[in-house]
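Peer 1: Once you've looked at the hints, dock chain B against the given chain Y.
If you're matching them up, the sequences are chains Y and B in order.
Following my numbering from start to finish, the first sequence increments by one per residue and tops out at 204.
Following my numbering from start to finish, the second sequence increments by one per residue and tops out at 393.
Hint data in this document are derived by calculation from the structure and do not stem from the laboratory.
Treat the hints with caution; some may be incorrect.
[To be verified] Computed cross-link-like contacts, DSS-like style, restricted to lysine-lysine with a CA-CA straight-line distance of at most 25 Å:
1) B:K302 - B:K187
2) B:K87 - Y:K22
3) B:K217 - B:K187
4) Y:K38 - B:K87
5) B:K86 - Y:K38
6) B:K316 - B:K187
7) Y:K38 - Y:K22
8) B:K188 - B:K151
9) B:K86 - Y:K24
10) B:K151 - B:K87
11) B:K217 - B:K343
12) B:K258 - B:K243
13) B:K345 - B:K217
14) B:K316 - Y:K64
15) B:K217 - B:K347
16) B:K192 - Y:K24
17) B:K345 - B:K316
18) Y:K22 - B:K188
19) B:K303 - B:K313
20) B:K343 - B:K194
21) Y:K64 - B:K347
22) B:K86 - B:K187
23) B:K347 - B:K194
24) B:K192 - B:K343
25) B:K345 - Y:K64
26) B:K192 - B:K345
Given the structure is predicted, the values throughout are model-derived calculations rather than measurements.
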Amino acid sequence: MSSILETLYDMLTKPKEAFQVIVSEGRLAKSCQIVLFSTVISSLAAYANVFEGGFKGAMLLAEIICSVLLWGVSVSVWHLLAELIGGRGSVRRLLTAIGFTYFLQLLIVPIYLIASFLPTVGFLLSMIATLVVAVWSIVLGILAISEVYQLSGGKATLIYFLPVLIFIGIFIVMIFTASAFFMSAAGDILANPPQF
Amino acid sequence: MRKKIIMVLLSMIVLVSVVILTFANKSIDRKASAGNKIAVVYVDGTITGGHGASGLLSESGGTDNLIKQLHEASDDASIKGIVLRINSPGGSSTATQEVGEEIKKIRAKGKPVVTSMGDMAASGGYWLAACTDKIYANPTTLTGSIGVYMPYSNWEELYKKIGVRQEKIKSGVHKDILSNDRPMTEEERVILQTMVDEIYQGFVEVVAEGRHLDIETVKKIADGRVYTGKQAKELGLVDEMGNLYDAIDGTAQMVGIHGKPKIKEYGKNNPFSMLMSTSDKAEILKTLLLQVPTENDVQSVVPMAIPEKW
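Chain B on its own, in the form it takes in the complex:
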């Protein structure tokens, strides 16, 4: 009889525990954690448009995925602020601009976005940072590189040496602009220079607006050079020196979270996704290969918000 009573009591304890864990504890936890979350969204590697690499269990790279993550963080009511962890040398100006506009929309809804720079947040990486409310960088972070370039190679002499003669039938005089089998004409140079200048102007305006600087001041420092995090702070391109956790704490303070905030990470690689998807190195190689111009491949020479050389 004594054994039965003990076991009945034990069973009751177990059942009551399950009920509390399933229902009561959840509501306590929800109340405690409601609105106490800070999202961390990672911008890693070269910024390129499109889906990026799709693995069996994850997606990585490509701004479509990044925008999706920003959307999710924006729509999640429990997330009060977003930290953008940037570790990127830049990339396509169009893809960068698209993400930058998304960041501005999130900020317009009243959800702050703060940047934490990793090893580098240069060019397109800085463009994104300039769209955020506050920028944290490490003293040795490589940043800046505010500028735009359009890569172009003239392989005319090589083609002659190997006996290749490109023939083309074109619908208009500029249809084969940036062809690698002939020198660029002055008119074409002017067309492309105008495009680059327009995108550069847009970049400068984004920096001026985001950093509360006047256009002329930005133009003086936006000659394409790279700055360290320390230099960038002196120039007003960065707000604070600090790492990712300083940025998270700063964001928590900004939104009025007392104590340690709960962190929700987006797009962080797990061991399975590392096995199932392509690596960042492979992605960088792919991006570099895509930049090699081929005949009539105008897509490969899209304006790049990326440092030309490191």
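Isolated chain Y (complex conformation):
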């Protein structure tokens, strides 16, 4: 068994090799710890100056629950899609591999600290750091899918983004439907606005 710290280091420098190790060892308990620890620490940092008291506690709890749910649900959907596309692999191993990628969230924390001392460019710096980590997480997620199901990069990318594309499609349809409904309902008011 390799050291967790070494595996995480390799995930930053040699992600493909790191995922081969993660997938072969399949340490789900460690992965779960990483998800919880990373979520708590990054949420504490993100909400440091935003919320207070009991509400902050509630937000942290909600963040942890959402994070774990998102982890489980997204892995289930990706597993289903991977099986449909012809990949063969274990959902447990994908869960483990994706859980390890949550570690990246911790890298934003020092950037948040620096940003908090820079009132003007701080917000921009936080945004750029969040974007970089988000893109990096996506790349690692695709690598994880590719490694677990032994699929090509293109197929893994398609599996990764397909749920998002479906969600965007549903959202657009809902927006158009809602707009049509409100336009129709507000038609009379817009045609005869109140006069003073």
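Peer 2: What follows is chain B alone, placed relative to chain Y:
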């Protein structure tokens, strides 16, 4: 081994960052921002009493909500001054008076209240402005309209045409005052005129006190007409020409805040509250509909501090 050392160092940096962000940075921020806030409270649309519209995530309209926001801003020790952003044609004189008294209480506690007029701050909107320490308006803001009216319609002829005859059993001669099925008697006119005059006198006194003008001067300009912001400044009804941010900067200077103040907005609509609550247009329509008099509905003819026509 080298990998482990790097990762341990990285973990320590992350943990130290979280501790600083959670504890130290907060105390620095609190010290820096303590007492540097200016509150912005919005008065939008027709001023009506009560709760206003309650959505799933917000409340809007209704002076109960406005007074609540003013209370919160008054009780918040970090807020040193309040800017009242008025964009209103006026409304119920009672509701306006209630908010005006609340503003006076806040000022009495030593927290200045400054008005920034938007498109219009007429009648009841101006009443509120007159209760504040300083008034900022845009040159084209519609303001003034100092006066009171009580709407009344006589539908007697219409009822005759459609064959409706109102019957009523009343406990006193004036119980059906303002009934729309008969002409107003001279005695009733005198009663109502006295009420309107009393409220008007109160309005004039509020303006005279707030603007440091004598009663007679106010009465000369308080004939119900509307003024532009520029005209209002010439008449002494407005102090400065400027927008919301000029008013915020002016308030910050007034309370001795150096540099840019932190702004805390109350009651500003967010996208969710816009989805979950009724719109201002719907509120205005509702207010207009409530003004249509119905039989024995004396509430619908409360004195209005609002311009009669635009």
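Peer 1: Find the hints from earlier in the document that the structure breaks and name them by number, from lowest to highest.
Peer 2: When the structure is compared with the hints, numbers 10, 14, 16, 17, 18, 22 turn out to be violated.
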